[in-house]
Amino acid sequence: GNSVTQMEGPVTLSEEAFLTINCTYTATGYPSLFWYVQYPGEGLQLLLKATKADDKGSNKGFEATYRKETTSFHLEKGSVQVSDSAVYFCALITNTGNQFYFGTGTSLTVIP
Amino acid sequence: GAGVSQTPSNKVTEKGKYVELRCDPISGHTALYWYRQSLGQGPEFLIYFQGTGAADDSGLPNDRFFAVRPEGSVSTLKIQRTERGDSAVYLCASSLNPVDTQYFGPGTRLTVL
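If you read the sequences in order, they're chains A and B. Going by the working numbering, the first sequence opens with residue 396, and the numbers climb by one from there. Going by the working numbering, the second sequence opens with residue 1302, and the numbers climb by one from there.
In isolation and in its complexed conformation, chain B is listed as follows (with noise of 0.2 angstroms):
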């Protein structure tokens, strides 16, 4: 079946714009995560959806990130006021449960010029 998808693959944005980057999680899949991934380290946690709700945003930097979930489905993370310090490939993951296996789509990269 289909896994997790992410669009765009690439952004690249000027300072201060505004992004959406949006996560297709594999259907049936009730848990939804972002994460951040800078050059040479590892994923960081920056929200988790239960459904349509967000059920754990402290992994979120400040208040110009946020992302939404409104069916339960599709989620799409907005970033407001890019700085460069945003440049980095943010990945989405579903599981069927939490605490389960998380299956990661293949990520967008954001470039803030």
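Bound conformation, chain A alone (with noise of 0.2 angstroms):
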């Protein structure tokens, strides 16, 4: 079946550190994979994404490479702020599905 694994939480970091979130995956066919943010009191938001292996998502200054020989989609941030304090959402979709199949998210707090 598909399904999405991420690292436990929370994690909490200093400002200026550098982030690594842990995403692994389960999945028939060839999926595409994505990052989802949820800020305090928001909506999920698209964070990034990648639809075919090595391809790379970036955004706001966030990174996840996708890697097809570890099913791996680690999300990675070089100097967070504190703005980054949210939960994440791993998840993926395959080309086949309709549905999204979602890790249990990681809750990200970052301090002065």
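A hint or two may mislead.
Pairwise CB distance ranges (calculated) [what the hints assert, rightly or not]:
{"id": "1", "chain 1": "A", "residue 1": "F413", "chain 2": "B", "residue 2": "F1367", "range": "43 to 51 angstroms"}
{"id": "2", "chain 1": "B", "residue 1": "R1323", "chain 2": "A", "residue 2": "Q440", "range": "40 to 48 angstroms"}
{"id": "3", "chain 1": "B", "residue 1": "K1316", "chain 2": "A", "residue 2": "K447", "range": "46 to 54 angstroms"}
{"id": "4", "chain 1": "B", "residue 1": "S1359", "chain 2": "A", "residue 2": "T400", "range": "18 to 26 angstroms"}
{"id": "5", "chain 1": "B", "residue 1": "G1352", "chain 2": "A", "residue 2": "F413", "range": "44 to 52 angstroms"}
{"id": "6", "chain 1": "A", "residue 1": "F413", "chain 2": "B", "residue 2": "T1412", "range": "16 to 24 angstroms"}
{"id": "7", "chain 1": "B", "residue 1": "G1304", "chain 2": "A", "residue 2": "E403", "range": "26 to 34 angstroms"}
{"id": "8", "chain 1": "A", "residue 1": "T504", "chain 2": "B", "residue 2": "R1385", "range": "25 to 33 angstroms"}
Read the hints as simulated data drawn from the structure, not as lab findings. Just so you know, these numbers come straight off a predicted model, no measurement behind them. Glycine included, C-beta positions come from ideal geometry on N, C-alpha and C.
Reconstruct the complex from the two isolated chains, following the hints.
Okay, here's the thing in structure tokens:
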């Protein structure tokens, strides 16, 4: 079946620290991979995506590379800001499917 | 342009009552999805519409849950005989095409007392 496993939280970092949130997946077919972010009091927003192996998605200083050999899509940012505090969800959709499969979310708090 | 909207934003009801949750997708988006998000979890798929028809309702937990999209735009999720375990945030999303980026609404927080 299809599933996403992401790093347990919560994660607390100091401003300007390096961030990695791990995400691995199991999927049938050839999935597209996504990171969504949920800021406090707001809905889910697309952060970045990659649709095929070796693609790199990037947005707002965040990056993730679609690694088929390790079935991973780890989220990274070189220098986090307080405004990055949110819950981050890794997700996949298969090329034959209709639904997203989400991880359980990782809560990030960045302190000044 | 306008994003996905959902009403109400909050709904409190008593066990056994009937509720309706509304979703207004982005104009022109043919695909519409309902998800349920429990506290501390990621969203879980409920149902997917392509146009007016439910193309995949495999995520609906039981026959108390039903959804419609009669004109291929607005959708209503209906829950009969609500139970305390139905308490969650119900999310709606839409996309231009299937297997494309889904845009999420703010959700309806349902609390069943």
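Against the structure, the hints:
1. A/F413 <-> B/F1367: 43 to 51 angstroms: holds, 47 angstroms
2. B/R1323 <-> A/Q440: 40 to 48 angstroms: Because 21 angstroms falls outside the window, the suggested range is violated.
3. B/K1316 <-> A/K447: 46 to 54 angstroms: holds, 47 angstroms
4. B/S1359 <-> A/T400: 18 to 26 angstroms: Because 21 angstroms falls inside the window, the suggested range holds.
5. B/G1352 <-> A/F413: 44 to 52 angstroms: Taking Cβ atoms as reference, B/G1352 and A/F413 lie about 45 angstroms apart, which means the hint holds.
6. A/F413 <-> B/T1412: 16 to 24 angstroms: With Cβ atoms ~39 angstroms apart, the hint is violated.
7. B/G1304 <-> A/E403: 26 to 34 angstroms: 31 angstroms Cβ-Cβ, so the 26 to 34 angstroms window holds.
8. A/T504 <-> B/R1385: 25 to 33 angstroms: holds, 30 angstroms
Checked against the numbered hints given earlier, this structure breaks hints 2, 6; the rest are met.
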